[in-house]
Amino acid sequence: EDQVTQSPEALRLQEGESSSLNCSYTVSGLRGLFWYRQDPGKGPEFLFTLYSAGEEKEKERLKATLTKKESFLHITAPKPEDSATYLCAVLGSNYQLIWGAGTKLIIKP
Amino acid sequence: NAGVTQTPKFRVLKTGQSMTLLCAQDMNHEYMYWYRQDPGMGLRLIHYSVGEGTTAKGEVPDGYNVSRLKKQNFLLGLESAAPSQTSVYFCASSYSRAEVHSNQPQHFGDGTRLSIL
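Here the protein sequences line up with chains A and B, keeping their order. Each residue of the first sequence is one higher than the one before, counting from 20 in our numbering. Each residue of the second sequence is one higher than the one before, counting from 50 in our numbering.
Bound-form chain A, shown alone (with noise of 0.2 angstroms):
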């Protein structure tokens, strides 16, 4: 069964301190991995696309790498405004998208 699994549920970091948010994904045919952002009160906000191993991707303090098994999203240097849920979605074979349960990610200034 296709799975998503995203580790830890909530992260509280300083300021500044960099840190790892963790996709795991059990999927037949990957055919993409995504990222998005959802702030309180608003819909999730598409931030990646990874489509094969070993791929990486960029956005400000934000990057998203990808292995077989598990997707990493790093933060680094953060600041209060990067305070959000990040969301990991996988695209299998069948076309379905299948959504983890979210890291609730909060920067202390």
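Derived by calculation from the structure, the hints in this document are not laboratory data. Where hints are given, some of them may not hold.
[As the list claims (entries may be wrong)] Among chain B residues calculated to face chain A with C-beta under 10 angstroms, some are:
{"id": "1", "residue": "A51"}
{"id": "2", "residue": "Y84"}
{"id": "3", "residue": "P88"}
All C-beta atoms, glycine included, are put in the ideal place defined by N, C-alpha and C.
Please build the complex by placing chain B on the supplied structure of chain A, with the hints as guidance.
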């Protein structure tokens, strides 16, 4: 640009009541989706549409119906609301279903928070 607009933003219903959630997109997207988001769980697909006049069931379709009479609108109906349908409902749209080919992600509205008493 408005993007994806959902109405209403909040609603409280009594068990057994019916209602329709409205979703409108102005990006000329073919594909539209309805999700529900519950605490501790990932987004779950209720129904989706690959174009005007067509709909299909997602992962959790029971208790919901949908219609797509116009390309820009996708309606989600609850015929007889139940407490288990208390959730936040998100509408999304995308250029194509196979996002890998088009590299066009799903665009989301800001949700409808629905409570069933």
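Hints, one by one, checked against the model:
no.	hint	result
1	A51	13 angstroms, violated
2	Y84	8 angstroms, holds
3	P88	9 angstroms, holds
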